[in-house]
Each structure stands twice: as C-alpha cells, then as structure tokens.
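Here's the letter readout for the chains.
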Amino acid sequence: MRFLALILALLVAPPLGAEEVVLGLSKDRIAINTTFDGSDILLFGAIKRETPIPEGELGVVVAVAGPSEPLDVRRKERRFGIWVNVDAVEVDSAPSFYAVATSGAWSEVLSEVEDLRHKISIPRAIRSVGAPSAVKDAQSFTDAVIRIRKAQGAYKINEGAVELSEQTLFQTSIRLPANLTEGAYTTRIFLTRKGQVVSHYDTVIDVGKVGMERWLFDLSRVDPILYGFMSLAIAIAAGWGASVAFRALRAG
Amino acid sequence: MMYIYLPIAEVSVNAILLLGLGGLVGVLSGMFGVGGGFLMTPLLFFIGIPPAVAVATGANQIVASSFSAVLAHFRRRAVDLRMGTVLLLGGLLGAALGVMLFNYLKELGQVDLLVTLFYVVFLGIVGAMMFVESLRAIRSSRRGSAPARKKHTWIQKLPLKMRFRTSGLYISVIPPALVGLAVGVLAAIMGVGGGFIMVPAMIYLLGMPTKVVVGTSLFQIIFVAGFATMLHAVSSGIVDVVLAVLLIVGGVVGAQFGTVIGNRMKAEQLRILLAILVLAVCFKLGLDLLIRPAELYSIGAAEGM
Numbered sequence: 282m283r284f285l286a287l288i289l290a291l292l293v294a295p296p297l298g299a300e301e302v303v304l305g306l307s308k309d310r311i312a313i314n315t316t317f318d319g320s321d322i323l324l325f326g327a328i329k330r331e332t333p334i335p336e337g338e339l340g341v342v343v344a345v346a347g348p349s350e351p352l353d354v355r356r357k358e359r360r361f362g363i364w365v366n367v368d369a370v371e372v373d374s375a376p377s378f379y380a381v382a383t384s385g386a387w388s389e390v391l392s393e394v395e396d397l398r399h400k401i402s403i404p405r406a407i408r409s410v411g412a413p414s415a416v417k418d419a420q421s422f423t424d425a426v427i428r429i430r431k432a433q434g435a436y437k438i439n440e441g442a443v444e445l446s447e448q449t450l451f452q453t454s455i456r457l458p459a460n461l462t463e464g465a466y467t468t469r470i471f472l473t474r475k476g477q478v479v480s481h482y483d484t485v486i487d488v489g490k491v492g493m494e495r496w497l498f499d500l501s502r503v504d505p506i507l508y509g510f511m512s513l514a515i516a517i518a519a520g521w522g523a524s525v526a527f528r529a530l531r532a533g
Numbered sequence: 005m006m007y008i009y010l011p012i013a014e015v016s017v018n019a020i021l022l023l024g025l026g027g028l029v030g031v032l033s034g035m036f037g038v039g040g041g042f043l044m045t046p047l048l049f050f051i052g053i054p055p056a057v058a059v060a061t062g063a064n065q066i067v068a069s070s071f072s073a074v075l076a077h078f079r080r081r082a083v084d085l086r087m088g089t090v091l092l093l094g095g096l097l098g099a100a101l102g103v104m105l106f107n108y109l110k111e112l113g114q115v116d117l118l119v120t121l122f123y124v125v126f127l128g129i130v131g132a133m134m135f136v137e138s139l140r141a142i143r144s145s146r147r148g149s150a151p152a153r154k155k156h157t158w159i160q161k162l163p164l165k166m167r168f169r170t171s172g173l174y175i176s177v178i179p180p181a182l183v184g185l186a187v188g189v190l191a192a193i194m195g196v197g198g199g200f201i202m203v204p205a206m207i208y209l210l211g212m213p214t215k216v217v218v219g220t221s222l223f224q225i226i227f228v229a230g231f232a233t234m235l236h237a238v239s240s241g242i243v244d245v246v247l248a249v250l251l252i253v254g255g256v257v258g259a260q261f262g263t264v265i266g267n268r269m270k271a272e273q274l275r276i277l278l279a280i281l282v283l284a285v286c287f288k289l290g291l292d293l294l295i296r297p298a299e300l301y302s303i304g305a306a307e308g309m
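Sequences listed follow chains A and B, in order. Take the first sequence: its letters are residues 282 to 533, numbered as in the working numbering. Take the second sequence: its letters are residues 5 to 309, numbered as in the working numbering.
Because the hints were derived from the structure by calculation, they are not lab data. None of these values were measured; they are calculated from a predicted model. Any given hint could be a false lead.
Claimed, not checked - Taking lysine-lysine and the PhoX-like style, the derived pairs with C-alpha atoms no more than 25 Å apart in a straight line are: (1) B:K165 - B:K215; (2) A:K357 - B:K215; (3) B:K110 - A:K357.
Modelling step: build the complete structure from the supplied sequences, incorporating the hints.
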C-alpha cells in the first residue's frame, strides 16, 4: 500500500513541482513553563519556482492543529424540571487546538473538493462517524464542538491573515492560547492556484511542559501515590507553617 | 498580572486571583470554623478550573486549612479525640464509597449534575436548619431563657455505647459512625471537608457541647480529606498541587484573620450569618439547574478508551 502511494506520488509530483513552498518558523518548539501565558508563532516563507509565474489566482492557507483526541459531547435536556445531560455522541477525533489562516476569502483560495481531500477547514478537521441511532441530529453535536471551542479561542479562522507579497513571499502569525495541551502541533501550508492545491509543506511544532510543570505532571502519572503524599505533606507543612508564623507575628 | 500555568488542570490562571480567592475563603472558614470547601469548589468552577480537578484539589486544600485550624483547638483542649476517631472510621469508609460513586458517574457524564445536586440539597437543608435554629436561639436569649438541649431518646436506646469524656457523653457509636460516613461521601463528591454538615449534626444530632464541636470536626476532616486526596490522585491523577499551594497560602493567612473576627462575635450571630451564606450558595447553584443554560452542549474527554 505504501509502495503504491509512493509510485503515485512520484507520478503526480512533476506537475506539482512547478511551484513549491519553502517555510521558516520563528520557533518549532514551545516550552510550557510556570509563567506560560500563550505564545505567538511567526510563520514565513517563500514560493520557489523555476518557471515563469503561472496563470490563476495564488492563495496560501496555513493550518495549525493540536493533538487530536476522542471526545464525548453531551446535550442537556429538561428532565423533572432540571437541566441534565441526556444524549451523548462520541466525536472520534477532534484537535485540541485548530487555527487556519488564509491569504484571501475562503471560497477563493480553496475549492470544496480540495478542502475535502486535505481536511483543512474546521468542520473537516473533526472526524465523527458513529453516532448512536437514538440520536438523530448527530451533526449538531459536531457543530457544538466547533461553537464551544471557537468561543474559547481554541478554534479560529483568520481569512486574509496571511500576507502575500509579489506572489513569492508570505507571512502570518498564529496565536497559541495559554491553556495549551501538550503534544505535536502539525503545521500545514498549502499553496493554491484557482482553489487547487499545487504544493504543500508539513512540519511539526513541539509543545511540551518543561521544568517544574514537566516534573509534576510526570510524577502525577508515573507515581500517583508519591504525588499524593507529596501534595498532603506540602499542605500540612503550609498549614502548620502559616499557623506558627502568624502566632509569632502576634506574639512579637 | 501574574499568570501561572497549572500543570494538571492545564490552564493558565492569575496567581493573585487564586491567592485572593484562598484568602477570602480562609477568612470565612476562620470565622465560622468550617473548611470553606463548599464555597471554594464552586468558585473554582467559576474561574474555569475543570470541575474534577477543582473537587480533587479542594480536598487537598482542606487538609492544609483544617490542620492549621485544629492546632489552635488542640491548644485549648477542645478536641474530643475518641469521638473524632469514631467519626473518622465512618468517614474513611464514606470517602472510599464517594470516590467510587464519583468515578462511576464521571463515566456516565453525570458528575457535574451529581456535584451540583449534592450542593443544592445539602446546603439547602443545612442552611435552612441553621437559620431557623439560630433565629430561635436569638429570640430566646432576648427573652432571657436558655435554650433547652433536646433529648434524643431513640439515640439513647442504641447499643454499643461508649463514654466520650471530653464531650461529656455516654452514647452509642452508631450515630457518630453514620454521621462520619455521610460526611466522608460528601468530602469525596463535593470536594469539601463537610464541616458545614458535620458541625450541625454534632450539635443537634449527637448533642455534643458547642466548644468541642469545631475542633473535633476539624480533627477528623484532616484525615478524611487527606484520604480523599490520595484516592483522587491515584484513581485519576486530578490533584493539582500548584493550584493547591496557591489556595493554601491565601487560605491559611485568611483563616487566622477570620478566627480573630469570629472570636469577637456572638455564636448566634455567627451561625445566622453562616446560614445566610450557605443558603445564598445553594440558591445560586439551584438556579443554574432550573434556568435553561446558554450552551446546552458540553465537551468531555471520551471515557473507556
């Protein structure tokens, strides 16, 4: 299967090779430390070509996706006078973070077919297959994920946020919020002409906790008993320390 | 603005806000002799801490505030160790049951409802009871007659009697063990020490003298909340120690001020204020269940993967 794909890629590659994306990142590693308060990534690049500039409107689409995970989406209904979770749909895979920036209006830079193929727009980036038969409007659950995450700033579309100059250089900046999940953030850049993808470039931005954050998180997973005792010891020491300190303060 | 990234909750929050929150709850807990968890946990929900982390970390914070407070009560010899131990044995069993129930409902996606319902029901009952009782106490103290302590004849008839010297009681161990059990369940599910239910239960149900009630309640809460913290840490790794430390530092300082304020007020006044506070929290949470929420959908991590 992989061999077949390789042959296919080789066959398809030459016409695509006419224009190619070259990319630079302001950083390819984001360290979450104690004072982490979000981060801006600057993406800049150029379009390499050995032939004259082809016909057709040029577009650049940048998509940054956080690690995907399955989600349970629940809907409240009124039962016995109070609002409780009733229906639930499992969304098979949804990125924890997703940002798309384009150089122009969405409909102009990317065709519906290409979006379907490369799964670039937000609804396409979420995969949901098996909804229980009791739930008829499964789509509304996926819509809810997008709506909630957009409101949290975890999903965003910035049309026209990619600056394109002389049909050769482009740059954009993507804001990563403070409540970031760890993992590999896949970054994809698509070069389009008349809505067709002519070249794309994939890279990964590594987001990871460092220092104390890393140590505490690992400890809580690797040795939860030790972590629990440490939490209690800190609590008791702090409680006792504050009590002693305050009494000393009042006495003297 | 000083933001701190919490390693387990995975959110970035203002450290000053957390210290202030801890301090505010600390003042109230010092004043009323309760852990203040019933205020802390809902407040953590409001500032965007995931509910499960808020509940588990709340239990950890209670260990610190109770430990700090119980030292003062030990110095005044206002802790009934024997009664505390009986309550504690019930409490540990209750906490284990509570964590099991908590994890089971988390899988069903009903844990938020469970936590809210527990809050509404228990805060409602306790708040109303305290309110009525303290109104009566204020009225009778104005008339100049001392409130008569109720005699619970059915409690006197139960077997397994034990002498509790510090409390001056000779009663069966069954009622205190059951009270401990119930409070243990609450500690695990609500992220509270359960002082707000333990204190009235000890006064009205067990007939303990008011001066030993708070110290004894605090004594057993330390262990029950500590046990709940361990269970939450081991079963789902949701105790955020950085969050806990910030709340603790604010809380223990606040509690010392609260104790000073509390000592200058009359017991009935204190109780009626606490009753009003409890009812207000209950009302707010109850309203959220009854009013159509702005967002009907909620996202949770898929279970059983």
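Comparing the hints with the structure gives:
1. At most 25 Å may separate the alpha-carbon atoms for a hinted pair to count; B:K165 and B:K215 meet this at roughly 22 Å.
2. Restraint check for A:K357 and B:K215: not satisfied, since their Cα atoms lie roughly 46 Å apart, outside the 25 Å limit.
3. With a CA separation close to 16 Å, the supplied pair B:K110 and A:K357 stays within the 25 Å bound.
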